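Engineer: Okay, here's what each chain looks like letter by letter:
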Amino acid sequence: MITKGARILVEELIRHGVTTVFGFPGGAVLDIYDELYKCSDRIDHIITAHEQGASHAADGYARVTGKTGVVIATSGPGATNLVTGIANAYLDSVPMVAITGNVAESMLGKDSFQEVDIVGITLPIVKHSYIARDVCELENIITEAFEIAQSGRKGPVLIDIPKSTQQAMCEYAGSAEIKKRKKKKPYDITEALELIKDSKRPYIYCGGGAIASDMGNKIVELSQKIDAPIGLSMMGLTAVPGSYELNMGMTGMHGRLASIIAQAEADLLIGIGVRFSDRATGNVDEYRKNCKIIHIDIDEAEFGKNIPGIVELCGDAGEIVGDLIANLPKLDHSSWTGKLVKQKSIDDTPRKPGGFVPRNIIRMVNNFVKPDTVVATDVGQHQMWTMQHYRFREPRTLLTSGGLGTMGYGLGAAIGGCVANNRRRTILFTGDGSFGMNLNELATAVSQRLPILIVLFNNNTLGMVRQWQNMFYESRYSSTTLNRGTDFEKLAKAFGADGARVTSMEELTDVLDGGLPKDGPFLLECMIDIDELVLPMIPAGGSFKDLVVD
Amino acid sequence: MAKKFIIGLLVNNHYGVLNRIAGLYNKRGYNIDSLTVGETEDPRYSRMTIVSSGDEYMKTQVVKQLNKLHDVKMAKIIEDENAVSVEHLLLKLKTGAEGNSDIAALLNVYGAKVMDLGKDFIIVDMTGSSEKIDEFMRKCIPFGILELCRSGSLSLTKDGSNELSALYLDKLEEEY
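Protein sequences appear in the order of chains A and B.
So for the first sequence, my numbering puts the first residue at 245; every next one is plus one.
So for the second sequence, my numbering puts the first residue at 22; every next one is plus one.
Since the hints were derived computationally from the structure, they do not count as laboratory data.
What you are looking at is a predicted structure, and each value in this text was computed from that prediction instead of being measured.
A virtual CB, placed ideally from N, CA and C, is assigned to each residue, including glycine.
Warning: the hint list may mix true and false statements.
DEER-style ranges, computed between Cβ atoms [as the list claims (entries may be wrong)]: (1) 153/B with 411/A: 22 to 30 Å; (2) 589/A with 81/B: 42 to 50 Å; (3) 351/A with 59/B: 27 to 35 Å; (4) 22/B with 597/A: 41 to 49 Å; (5) 22/B with 418/A: 51 to 59 Å; (6) 107/B with 291/A: 52 to 60 Å; (7) 105/B with 488/A: 40 to 48 Å; (8) 291/A with 177/B: 21 to 29 Å; (9) 81/B with 488/A: 33 to 41 Å; (10) 135/B with 321/A: 38 to 46 Å; (11) 785/A with 81/B: 19 to 27 Å; (12) 789/A with 181/B: 52 to 60 Å.
Okay, derived cross-link-like pairs now, DMTMM-like style, lysine to aspartate or glutamate, Cα gap no bigger than 25 Å in a straight line [stated by the list, open to error]: (13) 311/A with 563/A; (14) 97/B with 556/A; (15) 441/A with 359/A; (16) 80/B with 556/A; (17) 429/A with 194/B; (18) 586/A with 794/A; (19) 192/B with 591/A; (20) 423/A with 63/B; (21) 423/A with 194/B; (22) 89/B with 458/A; (23) 549/A with 92/B; (24) 80/B with 544/A; (25) 586/A with 465/A.
When you get a sec, could you build the whole thing from the sequences and use the hints?
Structural biologist: Below, the structure written as structure tokens:
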């Protein structure tokens with residue numbers, strides 16, 4: 245059939261399995277929104293308060309479903325408002341297709357009203373990008389964009405569509421296919437098998453790639469077979485159930501002690517879908533000192549980028565680990581793993597039982613919700629407390645900004661995650677600093693009647709920055725004490741939501757037991773001490789030896 | 022230690038590709054010493070030769086990162102000892118009654134061609150290795166260099182492989 249470009253776009257989105265898109269309309273995408281209106285029985289559009297929120301929502305949606313998240317923005321400022329969300333998806337390898345409108349082709353390059361070179365602006369933070377100048381190329385471009393976003397190491401793709409392309413007519417077949425060019429490279433596990441058999445203290449370290457590869461069961465199976473503890477990067481945190489005995493939890497700068505000790509004492513590290521971020525490794529020389537490294541990743545460029553491995557296996561992590569399991573004998577390292585399990589239980593012993601402190605608040609919320617509850621966080625101390633104390637039970641239940649560290653990510657992501665999880669109860673752990681960045685998305689959560697429980701840790705400060713000022717800048721608290729006087733309960737109510745302020749565990753219990761709204765957000769403001777720290781901590785560039793525990 | 026090395030690339034032949042490649046170098050903090058690009062025997066692809074300088078880490082990383090770009094069909098290190106590499110030079114020299122015979126002798130020795138002859142200048146064209154062109158330019162200085170224009174390196178491997186050819190890509194596509 246012959247149809248206009250905007251309709252081709254919407255039909256292609258539907259053909260690629262997209263059921264929900266997030267975005268914000270504007271002059272340069274009017275034609276697309278007109279077609280979305282006509283196709284609203286087949287595809288939902290969720291309008292956010294700001295395009296950044298829409299991009300984080302698409303990101304959260306993608307992390308929960310494993311599908312490609314889609315965000316639409318108009319030209320100029322609409323497009324530039326996506327930049328942080330695209331960069332966030334790029335750093336965390338989240339599959340996303342960002343669609344921006346642009347001025348008509350004849351107006352391109354003339355500094356026209358609301359014109360911006362969004363392809364140029366986003367070049368360093370996308371896997372690939374397109375300007376769809378020719379309507380007849382649109383079908384192929386969209387198909388290719390979805391293929392690129394999901395293939396190999398996943399990531400964001402941008403399609404900039406001039407208004408003239410949206411309005412131009414073209415024959416639409418709806419059958420474009422893209423030939424996959426990248427051939428799987430063969431890998432050889434022989435040396436890895438020998439290293440694992442010879443190891444006395446093997447340690448499995450998993451990142452976001454383990455979740456992208458949906459291989460949590462295989463990691464547990466490998467751990468059981470070779471009797472090795474598992475440590476997780478923040479991005480890999482839900483790869484393995486928190487209840488698994490040898491799951492030592494997050495490692496790195498604010499990792500759990502058992503996990504940090506396991507890594508420091510290991511003689512062999514099996515890295516699966518990790519990029520050895522500086523937040524995880526600290527001092528690289530110390531990190532590698534007594535430890536041989538087997539690195540498994542789908543992205544060849546990760547090998548040797550931050551840490552050189554002795555053996556590098558390129559391919560799908562699930563497939564490679566499956567091969568390792570099939571070819572390894574059952575091993576026993578119980579004298580070592582037993583010690584670590586003991587350490588883990590010491591870590592779990594509360595320091596201030598019953599106190600109104602982040603650990604206890606998070607544990608209380610943890611007990612209150614179902615195992616498949618999606619949890620989003622913003623960035624800061626509350627994020628690290630969540631990583632340390634929340635027990636994630638199922639994969640794809642954590643939405644957090646790992647690579648970019650985007651304050652203001654959480655609420656948008658929670659909205660996307662909640663929609664993706666059939667609009668079931670979703671938790672957002674946030675701080676007063678982070679929440680201030682994109683709190684306008686409360687309007688979206690209210691209008692969509694999304695049951696998001698926002699647990700806001702209010703310590704009247706930018707806590708993580710203050711912690712660094714406390715530890716490394718002789719307590720010169722430059723611009724971190726907020727004193728904004730925001731009444732978050734009233735703020736929630738002004739947006740049409742409900743909320744409460746709590747100052748004790750008893751009050752918290754009362755609110756949670758009293759019942760939360762089933763179809764709308766609830767903001768729970770937890771007043772905590774300004775001097776609460778995230779511990780343990782390894783200072784940037786430090787090693788296990790520099791660990792600060794108290 | 023920083024060393025020069027050559028990367029050969031086959032890339033899609035459309036607008037914006039050069040920007041993506043230059044952007045990657047910029048983003049990762051790598052240096053481009055020279056870059057040449059032109060259409061191949063198949064107009065769908067362009068061939069680039071990039072000369073960079075950096076350590077072993079950069080050398081291996083840059084090729085891996087280039088190969089991740091969607092528009093890059095193939096990127097490979099071209100080992101210096103296994104390659105024919107040439108650069109191209111256009112040079113405008115001052116002329117006068119004195120020294121003209123010396124210029125003519127120099128052009129003869131280096132195999133440079135006269136492309137244009139003015140009243141008091143001459144434009145010569147020379148093709149050769151980077152070192153040979155450097156040497157030729159040094160010897161031209163005394164005559165007075167008015168302007169010059171120099172290309173980056175063009176490199177092909179000396180062995181029989183054709184991995185950086187459009188034909189090879191077609192063959193790969195058939196296999197996939």
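Engineer: Could you run down the list of hints and mark each one as holding or not?
Structural biologist: To see whether the hints hold, each was checked on the structure:
Against the hinted window of 22 to 30 Å, the Cβ-Cβ separation of residue 153/B and residue 411/A comes to about 57 Å, which falls outside the hint. Taken as a hint, the range 42 to 50 Å holds for the pair residue 589/A and residue 81/B, whose Cβ atoms sit roughly 44 Å apart. For residue 351/A and residue 59/B, the hinted distance range of 27 to 35 Å is satisfied, since their beta carbons lie about 32 Å from each other. Between residue 22/B and residue 597/A the C-beta distance comes to about 58 Å, which lies outside the given range of 41 to 49 Å.
For residue 22/B and residue 418/A, the Cβ-Cβ distance of about 56 Å falls inside the hinted range of 51 to 59 Å, so the restraint holds. Checked against the hint of 52 to 60 Å, the pair residue 107/B and residue 291/A passes, with Cβ atoms roughly 59 Å apart. Between residue 105/B and residue 488/A the beta carbons are some 59 Å apart, a value that contradicts the proposed interval 40 to 48 Å. Look at residue 291/A against residue 177/B: about 55 Å separates their beta carbons, and that is not inside 21 to 29 Å.
The hinted window of 33 to 41 Å between residue 81/B and residue 488/A holds, with their beta carbons roughly 37 Å apart. Between residue 135/B and residue 321/A the CB atoms are about 57 Å apart, so this pair departs from the stated range of 38 to 46 Å. Evaluation of the 19 to 27 Å hint for residue 785/A and residue 81/B yields a pass: the beta carbon distance comes to about 24 Å. The hinted window of 52 to 60 Å between residue 789/A and residue 181/B holds, with their beta carbons roughly 55 Å apart.
Using a Cα cut-off of 25 Å, the hinted pair residue 311/A and residue 563/A holds, with the two alpha carbons roughly 20 Å apart. Straight-line distance between C-alpha atoms of residue 97/B and residue 556/A comes to about 20 Å, which keeps the hinted pair within the 25 Å bound. Distance restraint check for residue 441/A and residue 359/A: the Cα-Cα separation of roughly 60 Å exceeds the 25 Å cut-off, and the hinted pair is therefore not satisfied. Between residue 80/B and residue 556/A, the direct Cα distance comes to roughly 18 Å. Compliance with the 25 Å bound is thereby established for this hinted pair.
Using a Cα cut-off of 25 Å, the hinted pair residue 429/A and residue 194/B holds, with the two alpha carbons roughly 15 Å apart. Distance hint between residue 586/A and residue 794/A is fulfilled; the C-alpha atoms sit about 19 Å from each other, no more than 25 Å. Simply put, residue 192/B and residue 591/A have alpha-carbon atoms about 58 Å apart, too far for the 25 Å limit, and the pair is violated. With a C-alpha separation of about 19 Å, the suggested pair residue 423/A and residue 63/B falls inside the 25 Å cut-off, and the hint holds.
Between residue 423/A and residue 194/B the CA atoms are separated by roughly 8 Å; this keeps the pair inside 25 Å, and the hint holds. Proximity of residue 89/B to residue 458/A is assessed by CA-CA distance (about 23 Å); at most 25 Å being required, the pair is judged to hold. Pair hint residue 549/A plus residue 92/B holds up; C-alpha atoms about 22 Å apart against a cutoff of 25 Å. A threshold of 25 Å between alpha carbons decides the hint, and for residue 80/B with residue 544/A the separation of about 14 Å falls inside it, so the pair holds.
Among the hinted pairs, residue 586/A with residue 465/A is consistent with the structure: their alpha-carbon atoms are about 21 Å apart, no more than 25 Å.
Checked against the numbered hints above, the structure violates hints 1, 4, 7, 8, 10, 15, 19; every other hint is satisfied.
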